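Enquirer: Assemble chain B onto chain A, guided by the hints.
Single-letter residue listing:
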Amino acid sequence: MEMDRPDGRSPNQLRPLACSRSVLHRAHGSATWAQGETKVLAAVYGPKAGTKKNENPEKASIEIIWKPNTGHIGQADREYEMILKKTFESICIRTIYPNTTTSIVVQVVHDDGALLPCAINAACAALVDAGIPLRHLAVAICCSVTDNNCIILDPSKQEEEKAKAFAYLVFPNTTVSVVPEKSLQAGSDPMAHGIITSVTHGAMSVDDYLHCLERGRATTQRLSEFLRKNMEPKSTREASKAG
Amino acid sequence: MEQRLANCWRLTVNEKKFIESALLSDVRVDGRGPLDYRKLNIKFGKNDGSAEVQLGETRVMSYVSAQLVQPYRDRPNEGTLSIFTEFSPMADPSFEPGRPGESAVELGRIIDRGLRESRAIDTESLCILSAKLVWAIRVDIHILDNAGNLVDAANIAALASLLTFRRPECSLGGEDGQQVVVHPPEVREPLPLIIHHLPVAVTFGYFSNENLVVLDPTYHEEAVMTGRMTATLNANGDVCAIQKPGGQEISHRVIMHCLRLAHVKAGDMTAKIKDAVEKHNTERALQKIKRHSSSVAVDVCGTTASLGGKQNQSDGDKEGSRLDQLKLKDETKSMECDATSSAQVQSNKKDGSSKNFVGGPSSWDPYSDCVNSDLLKASLASRGHSTPSKKKDSRRETKPEEPQNEVKIDSAPMDTALTSGQSNEGKTLKDAVKPKHKRKKKKGSSNNAN
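Protein sequence lines correspond, in order, to chains A and B.
Take 1 as the starting number for the first sequence in the numbering used here and just add one per residue.
Take 1 as the starting number for the second sequence in the numbering used here and just add one per residue.
Some clues are possibly wrong.
Straight-line distance between alpha carbons at most 27 Å, and here's what the computed DSS-like set of lysine-lysine pairs gives [unchecked claim]:
| # | chain 1 | residue 1 | chain 2 | residue 2 |
| --- | --- | --- | --- | --- |
| 1 | B | 17 | B | 39 |
| 2 | B | 244 | B | 46 |
| 3 | B | 288 | B | 274 |
| 4 | A | 48 | A | 86 |
| 5 | A | 48 | B | 16 |
| 6 | A | 162 | B | 46 |
No wet-lab data here; the hints were simulated from the structure.
Owing to the predicted nature of the structure, the values given are computational and were not obtained by experimental measurement.
Chain A extracted, bound-state conformation:
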């Protein structure tokens, strides 16, 4: 079912992506990620010594601090902190540096829809910039179901508010772009086809949700490629400096 979006995108089209790494000087790793007008800045410090009281000292712990644009930190911000924490706990290899804390500070620069996926992408890029050991990268996407049961990707703030329901989905980045042959083998890596996080708002039918998952997973390839392209130039520059 075709649908015209106010900014002229097709239902499967993402907004223009922009990512820059190492924007801050004091932080161990930092990145900004922009999807259209939504822009988020993430900084990583870590691993630092010690864990908080109710954290497991046998593993590295992740601490998320979410800073909204204006106003005091509210309940929604606490929820975002919790979601990011759980997401990154499953990505980071927590057994390498036990009894340490890695802090990820997320600052919202501008919110124009799909804020949480943008923040997850920014935080993932910042973790890579800081050199924190990760199992695989995470790419996040927002799919929304409109009133006429059309699924659109990466909604803007207006579209999000009008949508019947939307889902924030986080997938592990695909191995397709790295090793094309491997993706064809069905049972090669079961987790490569998994979902890390899914947060939904509003009511949607099961079929719609499964469609969202399919669409989201299909887009992760594009996002993963973009993420990888942004990681690469930095490392070649550093290699040439060392060499």
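Expert: Coordinates of chain B only, in the frame set by chain A:
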């Protein structure tokens, strides 16, 4: 807690000695002269009133928002200005999240004193209804990267964002002139704040050797220096505030010398800030011109000439409809930028005082106020509906047909445009003609914009 302290950076004795001995020969670690500022870079965000300043490696972001509140009892005719500083943990590992520490409070107070006490911002122009409603301006300063001299950078950021902030225009209406109507930016151009002068903060660092004075200390120099003074001056040479929190004793001669220096630097800084704001304003004006030129074509309650023009457009092939769509999309694109600022203000407004002024009856009359075509477009944009009828369901196509019939009864000039324009912009004209639906959707759209 000791574990957290273990993460703090400490200056080594070698670094301290090196910095001090280099200063004796008038050389600083980053190659500057002792009285040179680092490179200043001011960037503005999409919203009105958001600015990001980079002073060397120090990075500060500032947002300005406005809210309608009741004024203080002893100042019923004045608006309020409040500064909130946040030392974000991303700026420095020693910044803890949560309650602001003493340096954050001190920074906020310095900036506050510079702006408030010197009456740089005209607060009386923020008054709408004496003793009942005033604008409360809130400045949020986020420190993103701490590389020394946060006060100066934060002050510049606050000034830049205040200069580019636009508050919505409001007018008094209603029978007794007591009802306040806040116009969203699509309806009426938002107004800038009245700023009389720009108080610029200039920070000096003093070392154990009395003759050593540096301007704009870096992070390492801040760890070495023994005394500090921040002088807030404007370009006219008026001293707005001086802050010297203890530390090394300085002779009055050195202080007078520093103030003279600060006067020169304040003039430089003011010129730089004004340049950056000018550039930003011209860009903004260009964007606005694009928006207004496209809005003229879709003017619904204009004269029959414009309606006829539209009719010609829509009488044509699908090209005409595409033109309309494109124009709509263009303006929604540029409107989205402004809609966000209005949404921000509106949401702040709603969070604030309980009185809601958008729903005043005088503002929603669809026939008397031509300006409402912009509101229509806003409601269009916020619903993001599908303009072409070619791909609508049969379910949807029955909807445009109904108001079509009603319109023929209602008004003649609207008629012709409606029937032909219906296929292209069913909802626009439907909204214009049916005040009942329009009111519901307006409220829906204003809620959506929030």
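Enquirer: Against this structure, judge whether each hint is valid.
Expert: We went through each hint and held it up to the structure:
For the proposed pair residue 17 of chain B and residue 39 of chain B, the alpha carbon gap of about 26 Å is at most 27 Å, so the pair holds. Under the criterion of a C-alpha separation no larger than 27 Å, the hint pairing residue 244 of chain B with residue 46 of chain B is inconsistent with the structure, at around 37 Å. At roughly 21 Å between alpha-carbon atoms, residue 288 of chain B and residue 274 of chain B fall within 27 Å of each other, so this suggested pair holds. Pair hint residue 48 of chain A plus residue 86 of chain A holds up; C-alpha atoms about 19 Å apart against a cutoff of 27 Å.
Annotation: proposed proximity of residue 48 of chain A to residue 16 of chain B holds, straight-line Cα distance about 25 Å (limit 27 Å). Only pairs whose Cα atoms come within 27 Å are accepted, and residue 162 of chain A paired with residue 46 of chain B is accepted, the gap being roughly 22 Å.
Hint 2 alone, counting from the list given before, is not met by this structure.
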